Amino acid sequence: MTKTMEFKGRCLCGEVAFEGEAPDEPISTCHCKQCRQWGSGPFDAYSLPLKNLQFTAGEDAVKYYESSDFARRGFCSKCGSNLFWHADRHPQWKDRISIAVGALEQQLA
Amino acid sequence: MYGEVGMSDLKIYKGKCLCGEVSFKAEAPKKEVGLCHCTMCRRWNSGPFHALAVPFDALKVESGEENISYYRSSDYARRAFCSNCGSSLFYHGDKIPEIAHEVYFSAGLLEEPTGLKMAGHIFCASKGDYYEIEGDLPQHETV
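The listed protein sequences derive, respectively, from chains A and B. Start counting the first sequence at 1; every next residue gets the next number (our numbering). Start counting the second sequence at 110; every next residue gets the next number (our numbering).
Calculated from the structure, these hints are not laboratory results. Just so you know, not all the hints are guaranteed correct.
Said to hold, decoys possible - Restricting the straight-line Cα-Cα distance to at most 35 Å, the calculated cross-link-like pairs of lysine-lysine (DSBU-like) are: (1) B/K226 - B/K204; (2) A/K63 - B/K140; (3) A/K51 - A/K33; (4) B/K120 - A/K78; (5) A/K33 - B/K123; (6) B/K123 - A/K78; (7) B/K236 - A/K63; (8) A/K33 - B/K140; (9) B/K204 - A/K78; (10) B/K204 - A/K8; (11) B/K123 - A/K63; (12) B/K120 - A/K33; (13) B/K236 - A/K94; (14) B/K169 - A/K33; (15) A/K78 - A/K33; (16) B/K169 - B/K123; (17) A/K33 - B/K204; (18) B/K226 - B/K134; (19) B/K236 - A/K3; (20) B/K134 - A/K33.
Stated by the list, open to error - Distance ranges between label pairs, derived from CB positions: (21) B/E174 - A/P23: 42 to 50 Å; (22) B/P247 - A/D24: 28 to 36 Å; (23) B/E174 - A/P26: 35 to 43 Å; (24) A/D95 - B/L246: 34 to 42 Å.
As the list claims (entries may be wrong) - Where chain A lies over chain B, by a calculated footprint (3+ residues, C-beta under 8 Å): (25) 126-133; (26) 151-163; (27) 172-186; (28) 190-201; (29) 205-217.
Since we're looking at a predicted model, the values are computed, not measured. All C-beta atoms, glycine included, are put in the ideal place defined by N, C-alpha and C.
Given the sequences, and given the hints that come with them, work out the whole structure.
Now the structure itself:
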């Protein structure tokens with residue numbers, strides 16, 4: 001049985017809030033130029049199935065920028081918080097999403 | 110009074126956001142990159158904010174000024190980002206007299222190679238619990 005964890009997160013201004021329960025995956029950090037250009041430094045990501053993410057507020061405030069021919073980056077249009085990396089046009093990865101770890105409320109192991 | 114006499118150590122910085130709409134140029138004293146581990150910076154950027162101080166007057170917006178959005182994140186500071194792609198651009202403590210003259214410019218925007226090094230870490234007391242701060246650079250609990 002996969003160990004799962006509950007999570008909650010929000011952007012800096014609080015307009016966008018989300019939660020869910022998903023497999024307890026270790027965090028990965030991406031050092032590519034795109035991620036560093038987007039968030040000043042490497043992107044700390046928690047990856048989970050897209051279906052396990054639920055918005056509780058401000059889903060309409062999330063703006064997506066298509067940063068490549070297979071992925072888009074979601075951010076809060078009000079405060080600019082970098083929230084999601086989603087390979088929505090990738091055949092294998094489209095059903096997963098990466099959440100910016102800094103947006104999560106609880107401390108992760 | 111000064112350690113060395115001679116030419117000031119000015120550097121040309123050029124940088125742009127992920128989508129390329131917003132681009133900057135600055136001619137400013139060479140600085141090092143500092144990391145802020147506070148919860149606000151990590152919520153804004155996914156992880157620590159990597160920044161270097163650039164005098165506000167030296168920062169020239171070469172394109173895309175209409176894409177720069179500001180979020181006032183506290184009583185004393187605002188955060189600039191690109192409204193098209195969400196790239197973090199800079200932090201400006203515009204209501205703090207000691208630092209209002211400069212912005213903390215996102216190091217990730219810079220053209221590479223940058224020729225820069227890291228200086229140290231601030232707000233280490235607030236860092237995420239899923240990582241450690243490694244190395245010998247100065248670590249400050251707050252500022």
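Q. Which of the numbered hints are not met once you compare them with the structure shown?
A. Result: no hint breaks.
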